[in-house]
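Spelled out, the chains give:
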Amino acid sequence: MAQMTMIQAITDALRTEMGKDPNVLVFGEDVGVNGGVFRATEGLQKEFGEDRVFDTPLAESGIGGLAVGLALQGFRPVPEIQFFGFVFEVFDSIAGQLARMRYRSGGRYTSPVTIRSPFGGGVHTPDMHADSLEGLMAQTPGVKVVIPSTPYDAKGLLISSIRDNDTVVFLEHMKLYRSFRQEVPEGEYTIPLGKADVKREGTDLTIVTYGAMVHESLKAAEELEKEGYSVEVIDLRTVSPLDLETIIPSVEKTGRAIVVQEAQKQAGVAANVVAEINDRAILSLEAPVLRVAAPDTVFPFPQAETVWLPNYKDVIETAKKVLTY
Amino acid sequence: MWLEPNETIVNKVQVLDETGKLIGSHPDVNDDELLALYKWMVQARTFDQRALKLQRQGRIGTYAPMIGQEAAQVGSAFALKKQDWIYPSYREVGACLVHGVSMENFFLYTMGHIKGGTSAQGTNVFPVQIIIGAQCLHAVGSAWASKYKDESSVSVAYIGDGGTSQGDFHEALNFAGVYKLPTVFFVQNNQWAISVPRSKQTASATIAQKAAAYGITGIQVDGNDVLAVYSTMKEALRRAREGKPVLVEAVTYRQGPHTTADDPTKYRQNGELEQWLAKDPLKRMKAFLIERGIWNEELEQVEFETANDKVTKAFEIAASTPSSKTVEVFDFVYEQKPSQLAEQQNSIQVEGVVK
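Line order of the protein sequences matches chains A and B. Going by full-length UniProt numbering, the first residue of the first sequence is number 1, and it counts up by one from there. Going by full-length UniProt numbering, the first residue of the second sequence is number 1, and it counts up by one from there.
Quick caveat, the hints were computed from the structure, so don't treat them as lab data. The beta-carbon is built from N, C-alpha and C at its ideal position, and this holds for glycine as well. Be aware that a few hints might be false.
Below are the BS3-like pairs computed for lysine-lysine, each with C-alpha atoms no more than 25 angstroms apart in a straight line [as the list claims (entries may be wrong)]: (1) A:46 - B:147; (2) B:149 - B:82; (3) B:149 - A:46; (4) B:82 - B:115; (5) B:279 - B:234; (6) A:20 - B:149; (7) A:265 - A:195; (8) B:180 - A:46; (9) B:147 - A:20; (10) B:310 - B:53; (11) A:313 - A:226; (12) A:195 - B:337; (13) A:175 - A:313.
Simulated DEER-style distance windows between Cβ atoms [stated by the list, open to error]: (14) A:21 - B:215: 29 to 35 angstroms; (15) B:326 - A:88: 28 to 34 angstroms; (16) A:21 - B:264: 48 to 54 angstroms; (17) A:39 - B:83: 35 to 41 angstroms.
Let the sequences and hints guide you as you build the complete structure.
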């Protein structure tokens with residue numbers, strides 16, 4: 001089995017699906033000759049031709065609108081939005097058009113579109129590149145929001161996303177693109193959407209998290225183990241819809257939970273997870289469910305970024321509050 | 001060399017003058033087609049006026065009348081082939097009827113029924129677009145698909161003068177030009193975007209001349225002259241089928257309000273409506289047909305009665321269609337319902353909120 005970084009696994013997933021399904025089209029800014037600014041689409045245009053992998057003019061709304069029309073005509077578009085901070089330009093296409101197509105047309109039209117986009121802090125990007133905006137997408141019925149944390153997950157989840165008959169926003173954390181390698185099987189395999197993964201089992205505390213924070217949470221869990229605490233870490237993988245079938249039994253087992261996200265604290269995915277736990281497992285709780293999240297400011301410029309982003313120390317601190325409540 | 005503003009000379013295509021006299025070269029249209037064009041305009045107007053009345057009576061919801069734009073809509077859609085696609089705004093009843101959408105479909109839409117959201121299978125009309133100009137891009141995607149699949153269909157985006165101010169209009173014309181896509185952007189310049197006049201949408205002397213900036217073809221046509229619109233659109237479609245996108249500006253007038261929720265007397269200039277009523281598209285075509293000896297007052301009366309009956313039947317079908325149910329909404333969010341959604345759907349049923 002090959003050792004791959006997450007970006008390689010993503011390219012591999014795209015190549016696998018393009019080879020299998022002629023209706024899969026990849027397009028966006030710089031995805032053709034250049035292979036994408038992160039090289040996610042490296043070599044695809046050469047392999048599959050300019051009809052199936054093409055550079056668009058520089059216009060995010062145009063990219064989204066193109067996907068709407070192509071999907072209607074039976075294609076399975078996989079557009080790339082160069083950075084998810086640019087999503088506001090294409091928000092109508094996603095939330096106004098793709099997400100509502102099935103209902104608006106009484107089921108006649110669907111939107112099997114996977115919008116890939118890099119996001120996430122810790123890589124010192126310019127303004128408007130790094131924001132975690134998954135909460136905005138998660139509040140959009142009709143859209144699924146997928147965020148992988150490992151190369152293995154990235155490939156299997158991306159293949160599932162492309163095959164899915166609903167619109168998927170597939171968010172790739174930039175810090176994870178090349179941070180580590182992992183064994184990734186060749187050829188096709190899928191990981192179901194809407195299914196969380198228990199990345200580490202434990203009995204004293206459940207940490208629910210996703211994306212880059214999975215790794216901060218795992219690190220925190222190791223540290224906490226040294227102090228005698230057994231911590232379970234659940235990687236949501238799909239932040240909308242939520243996999244309550246995994247979250248709730250875990251919290252019932254441990255009786256304590258925290259939710260860790262990189263995004264700002266207000267509203268958002270973590271708040272939703274806390275609310276669901278309170279709705280469904282309140283009688284199992286030994287302590288309030290707390291959140292680890294970024295402050296409710298705009299995403300800061302690079303010099304102020306490191307302190308602003310949540311890390312494993314924040315996770316340990318909050319975990320202890322709950323463990324010793 | 002400075003490109004000075006509005007130096008481009010745009011000649012408006014006209015076949016009939018305001019009294020219905022032939023002033024351009026006679027288009028290649030036989031008598032049957034001439035009558036069909038007029039009869040479609042009669043149907044569109046009859047539907048439109050009834051819809052307005054029904055809204056006033058509270059029988060249907062908000063409606064965007066198209067009265068005054070019949071020639072633009074019927075003439076353009078009449079030129080389409082069955083395989084061509086319409087990407088309509090919310091004011092395109094005339095064009096959509098011609099291309100195969102049923103009247104009851106439109107009534108269901110204005111009544112807020114889920115079945116009104118889409119046309120029958122085999123009718124290439126995309127669901128009505130609410131976001132101004134967004135459909136331009138959908139037409140571009142659709143045209144890209146036709147080109148890729150080597151089909152001969154053209155995707156036509158129907159928008160208004162207000163829509164040309166949107167970024168999506170720019171992106172769509174730009175994409176279509178770059179990819180050489182079989183697309184027609186059919187702009188009905190009806191002089192008003194709710195209460196904002198055409199003069200405040202753009203400093204361009206015409207909308208047609210905007211095509212030049214995208215390296216595509218543009219043309220302006222008298223939008224109240226159904227023969228001019230039909231022949232222009234036919235040629236535009238021919239070019240589009242060869243991968244040469246076209247921007248058509250049909251100059252027309254919205255004789256009614258923006259929607260049933262609006263009062264145009266608040267912003268319209270005195271005398272403006274009367275000026276345009278004199279250029280009414282039906283009046284003009286009727287005069288032409290009578291002059292040609294293929295129409296008379298008796299036929300006119302019969303035609304309006306027939307159209308009226310058709311509208312009545314369509315409304316009766318729509319009104320007797322069982323209402324959409326709230327529980328159904330849950331069935332169209334995802335292909336497969338996530339458990340939370342199933343739970344919420346179930347609770348609506350259990351609590352008997354079902355209407």
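Okay, the hints, checked on the actual structure:
Distance hint between residue 46 of chain A and residue 147 of chain B is fulfilled; the C-alpha atoms sit about 20 angstroms from each other, no more than 25 angstroms. Distance restraint check for residue 149 of chain B and residue 82 of chain B: the Cα-Cα separation of roughly 17 angstroms lies within the 25 angstroms cut-off, and the hinted pair is therefore satisfied. Under the criterion of a C-alpha separation no larger than 25 angstroms, the hint pairing residue 149 of chain B with residue 46 of chain A is consistent with the structure, at around 20 angstroms. About 22 angstroms separates the Cα atoms of residue 82 of chain B and residue 115 of chain B, which keeps this hinted pair within 25 angstroms; it holds.
Among the hinted pairs, residue 279 of chain B with residue 234 of chain B is consistent with the structure: their alpha-carbon atoms are about 23 angstroms apart, no more than 25 angstroms. The straight-line distance between the Cα atoms of residue 20 of chain A and residue 149 of chain B is roughly 18 angstroms, inside the 25 angstroms bound, and the hint therefore holds. Distance hint between residue 265 of chain A and residue 195 of chain A is fulfilled; the C-alpha atoms sit about 24 angstroms from each other, no more than 25 angstroms. With a CA separation close to 22 angstroms, the supplied pair residue 180 of chain B and residue 46 of chain A stays within the 25 angstroms bound.
As the CA atoms of residue 147 of chain B and residue 20 of chain A are separated by approximately 22 angstroms, the hinted pair is consistent with the 25 angstroms bound. Using a Cα cut-off of 25 angstroms, the hinted pair residue 310 of chain B and residue 53 of chain B holds, with the two alpha carbons roughly 16 angstroms apart. With a C-alpha separation of about 14 angstroms, the suggested pairing of residue 313 of chain A with residue 226 of chain A holds against the 25 angstroms cut-off. With a CA separation close to 14 angstroms, the supplied pair residue 195 of chain A and residue 337 of chain B stays within the 25 angstroms bound.
Annotation: proposed proximity of residue 175 of chain A to residue 313 of chain A holds, straight-line Cα distance about 18 angstroms (limit 25 angstroms). In this structure the supplied range 29 to 35 angstroms holds for residue 21 of chain A paired with residue 215 of chain B, their Cβ-Cβ distance being about 33 angstroms. As the Cβ distance of residue 326 of chain B to residue 88 of chain A is approximately 31 angstroms, the hint placing it in 28 to 34 angstroms holds. At about 51 angstroms, the beta-carbon gap between residue 21 of chain A and residue 264 of chain B stays in the expected band of 48 to 54 angstroms.
Taking 35 to 41 angstroms as the suggested C-beta distance range, the pair residue 39 of chain A and residue 83 of chain B conforms, at roughly 40 angstroms.
Checked against the numbered hints above, the structure violates none of them.
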